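*Asks:* Spelled out from the first residue to the last, the chains are:
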Amino acid sequence: MIETYTVKSLILLVISGVLAGNFALEKLMGAAPVFGLSRKENNLTALGVGVLVVMLISAPLLRAVRMFFLAPANLLFLQNICFTALILCVAYLVAWLAGALLKRPMGPYFLILAVNSAVFGLAVTAASDGLSLTATMLTALGVGLGYLFTLFVFAGLREKIDDFYVPKAFRGLPVQLLAAAIISMALLGFK
Amino acid sequence: MTEHKSLRMLAAENPSMILILGICPLFGSTADVRAALGMGCLVLVALLASSLIMGLLKHCITRQFVVPAAFLVCAGVVSVLELLFHAWFPGLYQILGVYVSVLSVNLLLFAATADSCEQSVEKAISQALVVGLIFLAVLLSASVICEVFGNASFAGIEIPALKDYKISVLVQPGGALLTGAFLAAVLNAVAEKATSSESVSDWFASSFGNAEKKEESES
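Chain order of the listed sequences is Y and L.
Residue 0 is where the first sequence starts when you use numbering that gives the first Met the number 0, and the numbers rise one by one after that.
Residue 0 is where the second sequence starts when you use numbering that gives the first Met the number 0, and the numbers rise one by one after that.
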């Protein structure tokens, strides 16, 4: 495939992954683990960077599997199972590596966070849109950074919200969803 | 150590738990009532099928492998349903797009499937039915609000009276989240417990984190 991207368009791919194309807030993929994250979770940075690494490894891997194995063998109907299994393997590998590097286990929630709709949706859209390898990697970087950004923003928001009075019915999920709605509308401005 | 609570108990305490877990398919299909009905039924059938399969397989799966097995069972079930959905409802499949494939790694489906390993097949099926019906009800109410007020139509039929009063943000992801926030607030108001007291990650840690630890201490 001939690469016809300029440096500007490549940088734009990353930035749009973080802002306008934010998977968790604009496409609502992978938002469930973000909202469901406990406030007791202390290794947020490790979890977020772990998800970014899983995206960076799995997006080109799944693209290659689809392009060189599933499509030529006419096995595209196995795409969902194949992608899920591969993302799981990558997530286990990253969890193991991170555990060895950080000298502490990543915890059971890492898998739930890493095998999410954002990772899967990214791989499916990149594969079906026929993006080149460079574009896939940069989109994965952008989406991964966007996910990390969302994780941090919501961790911060949860602490801030605790300082203010919230009506009883809105405590917990509803107020978080309201905050997400406002951020999502703000990000629409970058389109 | 926290006692294991089934997903059904959690949903009975506060149905907005279902809203958190199923947030992706829920808000991916709120702009059209027909798409929402299709997605709701798809999730219900997927929940029933994957809980049944996992319930039958539970004796062959050791506790450490519950998480990967549940993910693979979900992906398999969703693959089959996606092919059927594509063949029978091509129009709806086009509207829902990538959200159907993305169900393979959906947290709601995964939670119900993994949880059915802890209980008998009948209980797992009834749990899947309850969870699926709550999801369908929440999804339909959200999509009715979003489509009627955001698009001034119902199931594709235009409502002339509302034509000049469209709130177009409601058909955007932000509007879907806004509708979801108010629905969750209504669910919170009628539920016994606020969602904040038990978040999803606490539930996973108490259900599957301890399961792994138990296994280690037993061996």
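Just so you know, these hints were derived from the structure itself, not from any lab.
One or more of the hints may lead you astray.
Said to hold, decoys possible - Here are the simulated DSS-like cross-link-like pairs (lysine-lysine), alpha carbons at most 30 Å apart as the crow flies:
no. : chain 1 : residue 1 : chain 2 : residue 2
1   : L       : 4         : Y       : 190
2   : Y       : 7         : Y       : 190
3   : L       : 162       : L       : 57
4   : L       : 4         : Y       : 167
5   : Y       : 190       : L       : 165
This structure is a prediction, so every number in the text was calculated from the model and none was measured.
*Asks:* Does each hint fit the structure? Answer for all of them.
*Replies:* For each hint, the structure was consulted:
| no. | hint | verdict |
| --- | --- | --- |
| 1 | L:4 <-> Y:190 | violated, 43 Å |
| 2 | Y:7 <-> Y:190 | holds, 16 Å |
| 3 | L:162 <-> L:57 | violated, 53 Å |
| 4 | L:4 <-> Y:167 | holds, 24 Å |
| 5 | Y:190 <-> L:165 | holds, 21 Å |
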